[in-house]
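Asks: Listed below, chain by chain, are the residues.
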Amino acid sequence: MSEQAKTGDTTVPRSRGGSNALKSYLGAYGFMAPAGILVIVFFLIPVAIVLYLSLTNLASSNFTSNLAIMEFIGLKNYQTLLNDQFARKIFFNTIFYVLVTLSIFNVSLALLVSLLTTHIDRSAGFVFRALWILPRITSPVVYILIWKRMIAEAPFGIINQFNEALGQPTYNYISTNPWVFVVVVNGFIGVSFGMIIFTSAIESIPRDLLNASLVDGSSKLQRIRYVIMPLIRWPLLFVVTYQTLSLLTSFVEIQLLTDGGPGLYRTEVWSLTAYHRALSNYFGNAQWGYGSAFAVLLVMIGVVLAVIYMRVFRFDELIAEPRVEAL
Amino acid sequence: MKVTIDNLSKKFGEVVGVENLTLHIEDGEFVAFLGPSGCGKTTTLLTLAGIYKPTDGVIRFGERVVNTVQPKDRNIGMVFQSYALYPHMTVFQNIAYPLKLKKVSKADQHDRVRQVANVMGIGELLDRRPGQLSGGQQQRVALGRALVKEPDVLLFDEPLSNLDARLRLTMRGEIKHLQKDLGITSIYVTHDQVEAMTMADRIAVMSGGHLQAFDSPDELYDRPKTQFVAGFVGNPPMNFVDVSVQASNGRFFAETESLRLEVQKERGAPPASHGGPVVMGIRPEDIQIASDPNNGTVSGEIFVVEPLGREDLIDVRIGRHSFLLLADTEDRHQAGERVSLAFDMEQAQFFDPETEKSLLWQ
Ligand SMILES: Nc1ncnc2c1ncn2[C@@H]1O[C@H](COP(=O)(O)OP(=O)(O)OP(=O)(O)O)[C@@H](O)[C@H]1O
Ligand SMILES: [Mg+2]
Numbered sequence: 000m001s002e003q004a005k006t007g008d009t010t011v012p013r014s015r016g017g018s019n020a021l022k023s024y025l026g027a028y029g030f031m032a033p034a035g036i037l038v039i040v041f042f043l044i045p046v047a048i049v050l051y052l053s054l055t056n057l058a059s060s061n062f063t064s065n066l067a068i069m070e071f072i073g074l075k076n077y078q079t080l081l082n083d084q085f086a087r088k089i090f091f092n093t094i095f096y097v098l099v100t101l102s103i104f105n106v107s108l109a110l111l112v113s114l115l116t117t118h119i120d121r122s123a124g125f126v127f128r129a130l131w132i133l134p135r136i137t138s139p140v141v142y143i144l145i146w147k148r149m150i151a152e153a154p155f156g157i158i159n160q161f162n163e164a165l166g167q168p169t170y171n172y173i174s175t176n177p178w179v180f181v182v183v184v185n186g187f188i189g190v191s192f193g194m195i196i197f198t199s200a201i202e203s204i205p206r207d208l209l210n211a212s213l214v215d216g217s218s219k220l221q222r223i224r225y226v227i228m229p230l231i232r233w234p235l236l237f238v239v240t241y242q243t244l245s246l247l248t249s250f251v252e253i254q255l256l257t258d259g260g261p262g263l264y265r266t267e268v269w270s271l272t273a274y275h276r277a278l279s280n281y282f283g284n285a286q287w288g289y290g291s292a293f294a295v296l297l298v299m300i301g302v303v304l305a306v307i308y309m310r311v312f313r314f315d316e317l318i319a320e321p322r323v324e325a326l
Numbered sequence: 000m001k002v003t004i005d006n007l008s009k010k011f012g013e014v015v016g017v018e019n020l021t022l023h024i025e026d027g028e029f030v031a032f033l034g035p036s037g038c039g040k041t042t043t044l045l046t047l048a049g050i051y052k053p054t055d056g057v058i059r060f061g062e063r064v065v066n067t068v069q070p071k072d073r074n075i076g077m078v079f080q081s082y083a084l085y086p087h088m089t090v091f092q093n094i095a096y097p098l099k100l101k102k103v104s105k106a107d108q109h110d111r112v113r114q115v116a117n118v119m120g121i122g123e124l125l126d127r128r129p130g131q132l133s134g135g136q137q138q139r140v141a142l143g144r145a146l147v148k149e150p151d152v153l154l155f156d157e158p159l160s161n162l163d164a165r166l167r168l169t170m171r172g173e174i175k176h177l178q179k180d181l182g183i184t185s186i187y188v189t190h191d192q193v194e195a196m197t198m199a200d201r202i203a204v205m206s207g208g209h210l211q212a213f214d215s216p217d218e219l220y221d222r223p224k225t226q227f228v229a230g231f232v233g234n235p236p237m238n239f240v241d242v243s244v245q246a247s248n249g250r251f252f253a254e255t256e257s258l259r260l261e262v263q264k265e266r267g268a269p270p271a272s273h274g275g276p277v278v279m280g281i282r283p284e285d286i287q288i289a290s291d292p293n294n295g296t297v298s299g300e301i302f303v304v305e306p307l308g309r310e311d312l313i314d315v316r317i318g319r320h321s322f323l324l325l326a327d328t329e330d331r332h333q334a335g336e337r338v339s340l341a342f343d344m345e346q347a348q349f350f351d352p353e354t355e356k357s358l359l360w361q
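Protein chains in written order, with numbering that gives the first Met the number 0: chain A, 0 to 326; chain B, 0 to 361.
I should point out that these hints are in silico values taken from the structure, not numbers from a laboratory. The beta-carbon is built from N, C-alpha and C at its ideal position, and this holds for glycine as well. Please note: incorrect hints may appear among the correct ones.
Here are a few chain B residues that face chain A, going by a calculated C-beta distance under 10 Å [unchecked claim]:
hint	residue
1	Gln80
2	Tyr82
3	Arg144
For lysine-lysine, the following DSS-like pairs were computed, each having C-alpha atoms within a straight-line distance of at most 27 Å [claimed, not checked]:
hint	chain 1	residue 1	chain 2	residue 2
4	B	Lys264	B	Lys1
5	B	Lys105	A	Lys219
6	A	Lys88	A	Lys147
7	B	Lys99	A	Lys219
8	B	Lys101	A	Lys219
9	B	Lys52	B	Lys101
10	B	Lys10	A	Lys219
11	B	Lys101	B	Lys10
12	A	Lys219	B	Lys102
13	A	Lys219	B	Lys179
14	B	Lys52	B	Lys105
15	A	Lys88	A	Lys75
16	B	Lys1	B	Lys52
17	B	Lys1	B	Lys101
Only chain B is shown next, with the shape it has when bound in the complex (with noise of 0.2 Å):
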């Protein structure tokens, strides 16, 4: 099922929800919407679960517009953060439930809520009590009621926020494999950038209400259109720098008082016809700590190591800024040394300092 969302706004007073946001989202499609929290991620998902009615706008679910239909009649599945069981149904009950108002009968509704706990590896708990459920159980009941009705969309309200980082890695791998395989549209909310670049096919970066970027994972990663969205993906975050880039017999250079780096051609030409200071981006994984000084490299001093396990993430300060990056975990940096850095400029993003856009991608 398609789904097309123009100009939606949800607004609760004089409070923004979410405002004038426009997705188009293809049939089958994995979307995740990412935003910090309270960027409005809930609100559309419950708008779009016809929760909340729009204050304006138009969603259409294929040709449907279905923005006074009542929740029961959109034939959505969602999953809540909560998990939101019913706890004083059992399991079998909880995913029963959505049968049940369908009219289904009793031997269909045993066979499809069987099938469905088998799938999702709960066959044996079907006769207990969400209470008597641990966290990762009750994610996949939830899960279930979701699915057993075979909707045309499904909408998740950060379902792994609440699981320990080793099962939040099982279910995120079920549940795109789920999708794929069912071919269920879905909008995935998510404040765990991790989550959206790894699930989704396409994701829709929000803020304060607003939609930032709408492009598949290695779009945004690689092109980033905004400060915020280049900020936002990636992790550890990219560094940003007030530079100026100038030209000079057709070479470029990103300036500062303490740095003078090369850029190419293609990168450095548009911040530098810009003219005035810029931000530059690069990413963590884009800086090098070199093991011989040539001229390519700017020497800086490490000001902290912390350890991630495989590597370190260390942030060396040169003048007055500071990068992050990551070396590898045998080489034993320390703080106080001093390093040399080789910055790989063909990933550099420039942002234009007002406007927070990019001046090389639009």
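Here chain A stands alone, though its shape is the one from the complex (with noise of 0.2 Å):
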């Protein structure tokens, strides 16, 4: 006699049975769909063909639209890439774009920030975060071309015309220190972003809570340490992450700002050469299978650094066993 017929008549609740099963993961599955099929269509697909395409030699050289005789040539894309002298270079400086862009930036500025404007008057507090936001919703070539503006050689730039007036020397602010500013114009977009996550947990936090802290004898400092931090912690990873991976990709404005340059590579980053390479016409050959190669190889760091991330965090600790429980 089988397990099912012994119990069958029973009202007594059974273990998840084989079509029960079926049928609660099609719910669930049901409910991931609309985010599975944006992923899908707008990250796997394209991951796929760019891969592809970085194993062939398309470039505008020797294009043609029969894709059949498409040259497929393995990995010598990849070994072009690594035997290229720049690379090095290239991916060093992404490091250190990112780096300090977001630990100065991204997420210290943001955190204090958002520390300092929930400690003040809350309409002071909302005025300091709503200037903190322009720079993210202005158009970025309108910024960077503000940012331009003020930085530009004499007698252009505004801070050179400052120099000036008062009898100092100008200078020639982005070919004496290029990374200066493609980290400050990149870190006072990122700020907003991480401020906004912070600002909101922080809030969150219940009043009782924070009270009770300075009645237990905490200063305001003491209270940031001990009870705020620890309850914004998992605000914190997600923004660390999450702000690594957009700076990884981001290459907009260092390419209005100094197109990684002065001279030869100076502040290009990966992201920057892949588009460089693969769609800006490189010394008037677009190289669409080598640019790939070097975005297949960012998206490669990207999973690599998310995996890392989530082990170091222990991410799966902070997320609570759903409370709906399948009967």
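With the hints in hand, could you dock these two chains into one complex?
Replies: Shown next as structure tokens:
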């Protein structure tokens, strides 16, 4: 006699059997479908296409609309890339740019702005935060033009005009300190993301908890250290992870500000190279295949980093088991 | 520690939290703030704790004016309605937190937390997190955290209102016992008048940001100075009727078109000399259903019977007046039944309908 038959007539809920499980999974997949389809269409399929392109020698110089004769060259693009004398420099440029911008602006300054603006008068805090959002909602072209105008050489640059008026020497900022400006320009935009997330996290800590901490004898600083920081751990980790990945892949502001220069690859980052090689007519030739190899490596770095973050920060521990149990 | 509050006001812009509050609380006294929702109890408490700055007035702990003293320098313990335990800390760390901030050594922290935990009966739970505790256990942890630093003043903000009725009863006893044992000046906010009556040495009755009365529970119950206090203290609440009190031949009668009750001279003379209509108050426990009608009783009809277990709460209609009273369940009264009521007029209260002040006690 089967297990099913023995207990079939009772009303005791049984462990999930075959068709039941399928049903409950179907429900789950159904709910995941909208997000899943987006990920497939806008991430997995493009990655697959780029991956394939990176294994071909497709370029504007040998372009053919007959895809059947597109030459498959295996890993040759990757070989070229590894032997590329500038790839190494660009790689370390990228690490430098991401680390510095992330740590100083996207996380630390964002946290500082959130903590400060939540500890002052509410409406004043709101105004300060609104100001910090301006760089993000301004079109990148306009935003970069403003910066360029600020730091341009004498006699055009606004800062240099002040220098002149005050009898100071003038500077060509972008050629003497390109990294400072690449980081600052991106950092000012980067602050707002963390700021919004951190502020909402801090605001949603129950008032009683914050009051209890003061009554228990902490100063405002100790309260930040012992109560607020631990309670916003999750948003903090989220911002670190998310912003690392978005800094890795964003290049518009750098392209507009320095376009990787001045000189040879001084502020060139990996994603910008992928763009330059594949789409920006590199010495008259758009190397779609070779550029794709750069893009594929970037995706791989991103995935590896994401996995490492999840492990190191133990994201799975932060997510509670769903409260709704399927019966 | 004596706590002296003089003319304290706290306003949030236009909104009045509490206004012109004066209270002198003795060392070791247990004072309850009692009042309906929104009357300013929490505001007063948080102002005492130093979370809010007073808009006006002076607060003294002992002789020290603490108006601008930071919460951390006031040496207070506070228990919140929501418990406000730190979710990321274990029970041990929660209780040890005030000690850690005081830079007490690790070993001493350990001893004192253990000791407090044992007193609170949560010695077994020290490694758990608040999320893994029941409401009652969380309440004990919160109390332990407030007590561990041996505060000069203990503040409670409706600490029992999230507990079930049974647990509330036990905790009530425990808190009162502990407070008397430790002799820490305590202020206990509640809107439950049973809690206030049973626990407090004195009760501050508040309403709309103003102090209505500050007296011992018995005093508030027997000699309420305002109609608000009379109605708020006591459960089920006092019955109020508009009457006029007439004197005839040295005797006094409280009258309406359907009622005529004799009042003793001490209680009847002041409302009679006040003249015009007054409000008479009589508690449910001072009205009995008489078994045999005589000339002192009034006849009425039972409108509704609400069984409370030990006794029935009965609403009796006399003319257009309605009186709540309590009767033995054994008597099995039914709605629609006609009954005779005997009023114990020695307990009747009289209030000026304009000022709502008592005509008997000033
Ligand atoms: N931070 C604040 N800003 C503005 N108004 C406030 C603030 N806190 C309290 N109030 C107002 O002050 C009045 C008193 O509030 P309070 O919290 O002291 O009431 P309460 O007596 O504790 O009530 P409850 O029994 O519901 O807790 C209310 O009208 C309330 O709306
Ligand atoms: Mg309150």
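Asks: Mind listing which of the numbered hints don't hold for this structure, in increasing order?
Replies: 4, 11, 13, 14
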